[in-house]
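Protein chains in written order, with the numbering used here: chain A, 3 to 241; chain B, 3 to 241.
The hints are simulated quantities; they were obtained by calculation from the structure and are not laboratory data.
Keep in mind that the hints are not guaranteed to be accurate.
Since the list gives no way to pick one copy over another, a pair counts as held whenever it fits inside one copy or between any two copies.
[As the list claims (entries may be wrong)] Each computed DSSO-like pair below joins lysine-lysine, with the alpha-carbon atoms no more than 27 Å apart:
#, residue 1, residue 2
1, Lys-232, Lys-195
2, Lys-195, Lys-239
3, Lys-107, Lys-239
4, Lys-78, Lys-4
5, Lys-107, Lys-64
6, Lys-107, Lys-54
7, Lys-239, Lys-55
8, Lys-167, Lys-239
9, Lys-239, Lys-54
10, Lys-107, Lys-55
11, Lys-64, Lys-232
12, Lys-78, Lys-54
13, Lys-25, Lys-232
14, Lys-4, Lys-107
15, Lys-107, Lys-43
16, Lys-167, Lys-25
17, Lys-43, Lys-239
18, Lys-232, Lys-43
Protein chains: 2
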Amino acid sequence: MKIAILGGTGHIGKGFALRWSQKHDIIIGSRNAERASSAAKEYRRMLEGLGKKGSFEGLDNKTAAQMADVVLLAIKYRHVSSVIETITPVLHDQIVVSVVVPMEKDSCYIVPDAKHMEVDVRDSAYNAEYFCYTQPAGGSAAEEIAQLLPQDIRLVSGFHNVPAKHLEDLSLELDYDIAVCGNDMASKEVICKLIDDIPNLRPLDAGPLEASSMIESLTPLLINLAIRNKMGNLGVKFV
Amino acid sequence: MKIAILGGTGHIGKGFALRWSQKHDIIIGSRNAERASSAAKEYRRMLEGLGKKGSFEGLDNKTAAQMADVVLLAIKYRHVSSVIETITPVLHDQIVVSVVVPMEKDSCYIVPDAKHMEVDVRDSAYNAEYFCYTQPAGGSAAEEIAQLLPQDIRLVSGFHNVPAKHLEDLSLELDYDIAVCGNDMASKEVICKLIDDIPNLRPLDAGPLEASSMIESLTPLLINLAIRNKMGNLGVKFV
């Protein structure tokens, strides 16, 4: 298959590009075609260094989307509407996949152990940073993307919960579950097969697109858990 | 410790009552003291049948909360405000724990494989039921409970993601992660020790109370995954 990874110069895009390039043709998409092209070169060199080959091309988002069977949106939430606007004229029969997680860093006060101390709680409190899911007005990033896309374009939501750093390190065997949402079973199956192409990733059906906020919000939770419990990069297994 | 489990006659309450009764004194709380008392008797008999002992008492919610060191709210979201109102007069130094998950069953259309068929999509679509997290106006059940409680009462949010049926089956060894949120490190540590009392449950700090929606919304996701992928009762491991 031809897989366009829009935002393919970023961390999570890079990981999928490297892994899928073993079985598929990868088109790196970026707003800047030159950056896409140099990323494609870099990924090719990385694989050569490991004695492997991979098919990469780097193009602007629109051309990348036009040539692909599957278009992965590995972009930031704030770029969603402009990227969709860019690619809409060339969408026909592709399956679009949203990996978008709307989140931000916030902070609040945590009390170390002040309850029974004769001090002002705020004196001993510290400012704790954490990531939170910023639920879009449309319910989830995926549902908003569905609203922006032409009505006959099939959308799947998934891949939010894989740690990018592990994905891009080909020496690591991954062992994670990938929850996938969508309202069209046939395209969901195509995407599940792409997940099966990466050894030890297990695709799981998490229901309709309307359930997407629950897989999107898992990402900031994983980041918080990783930071607070010094656990490195975290993925998830449903057991 | 004396642990009051309000909603202790329900599935999730039962599991914690049975497991913790091996190390702690359990007070089952219910709006109906008689139901609490007969649940306490039932749990005692269940343990005797397994050749084990456990300390159980069954009381109305208010009396149960008054006697306890830790008050577990294993209740439905719609009962939160009335239960908090009931127990507030007797709260002094207890740690309150919210296990509350606001969720509901919803439905939407799923298309099996209609895109390329010469049929009306709705004809071949089917109505798919799924559970969704119904985020409260206050951000999460835990944050709303914090607003309802007297200001000096310490609140921890946790235990949302354990499958009740596995918890109450003492023949099963559990192997799950338990994410815990709260703004008071000392009380969070007390609750993490209670998690450690149940073999193979791993407590993890998921950040402040403000991050609670991300652990609450994991519960309907687990239910959807379990149903759609025929996986039985699901918990979670962060790996």
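Now the hints, each set against the structure:
In this assembly of identical chains, the alpha carbons of Lys-232 and Lys-195 lie at most 27 Å apart only when taken from different copies (19 Å versus 33 Å within one copy). Within a single copy, Lys-195 and Lys-239 get their C-alpha atoms as close as 18 Å, and across copies as close as 24 Å, so both meet the 27 Å cut-off. Proximity of Lys-107 to Lys-239 under the C-alpha cut-off of 27 Å is found in both arrangements, the shortest distances being 25 Å within a copy and 24 Å between copies. Within a single copy, Lys-78 and Lys-4 get their C-alpha atoms as close as 22 Å, which meets the 27 Å cut-off; across copies the closest is 48 Å, which misses it.
Proximity of Lys-107 to Lys-64 under the C-alpha cut-off of 27 Å is found in neither arrangement, the shortest distances being 31 Å within a copy and 39 Å between copies. With identical chains, the CA atoms of Lys-107 and Lys-54 are never at most 27 Å apart, being 38 Å at best within one copy and 48 Å at best between copies. When the C-alpha separation of Lys-239 and Lys-55 is checked against a cutoff of 27 Å, the pair qualifies neither within a copy, at 30 Å, nor between copies, at 34 Å. In this assembly of identical chains, the alpha carbons of Lys-167 and Lys-239 lie at most 27 Å apart whether taken from the same copy (17 Å) or from different copies (19 Å).
For the identical chains of this complex, Lys-239 and Lys-54 are neighbours neither inside a copy (29 Å) nor across copies (33 Å), given an alpha-carbon limit of 27 Å. In the homo-oligomer, the alpha carbons of Lys-107 and Lys-55 never lie at most 27 Å apart, since the shortest distance is 38 Å inside one protomer and 48 Å across protomers. Within a single copy, Lys-64 and Lys-232 get their C-alpha atoms no closer than 40 Å, and across copies no closer than 39 Å, so neither meets the 27 Å cut-off. Taking the closest pair of Cα atoms, Lys-78 and Lys-54 never come within 27 Å of each other, the shortest separation being 30 Å inside a single copy and 55 Å across copies.
For the homomeric pair Lys-25 and Lys-232, neither the shortest alpha-carbon distance inside one copy (35 Å) nor that between copies (29 Å) is at most 27 Å. Proximity of Lys-4 and Lys-107 under a CA criterion of 27 Å is satisfied in neither setting, with 35 Å inside one chain copy and 38 Å between copies. In this homomeric assembly, Lys-107 and Lys-43 never come within 27 Å of each other (Cα to Cα): the closest approach is 33 Å inside a single copy and 48 Å across copies. For a Cα distance limit of 27 Å, the shortest separation of Lys-167 from Lys-25 inside one copy, 21 Å, qualifies, whereas the shortest one across copies, 42 Å, does not.
For the homomeric pair Lys-43 and Lys-239, neither the shortest alpha-carbon distance inside one copy (34 Å) nor that between copies (37 Å) is at most 27 Å. Taking the shortest Cα distances, Lys-232 and Lys-43 never come within 27 Å of each other, neither inside one copy (34 Å) nor across copies (43 Å).
In this structure, the earlier hints numbered 5, 6, 7, 9, 10, 11, 12, 13, 14, 15, 17, 18 are contradicted, and the remaining ones agree with it.
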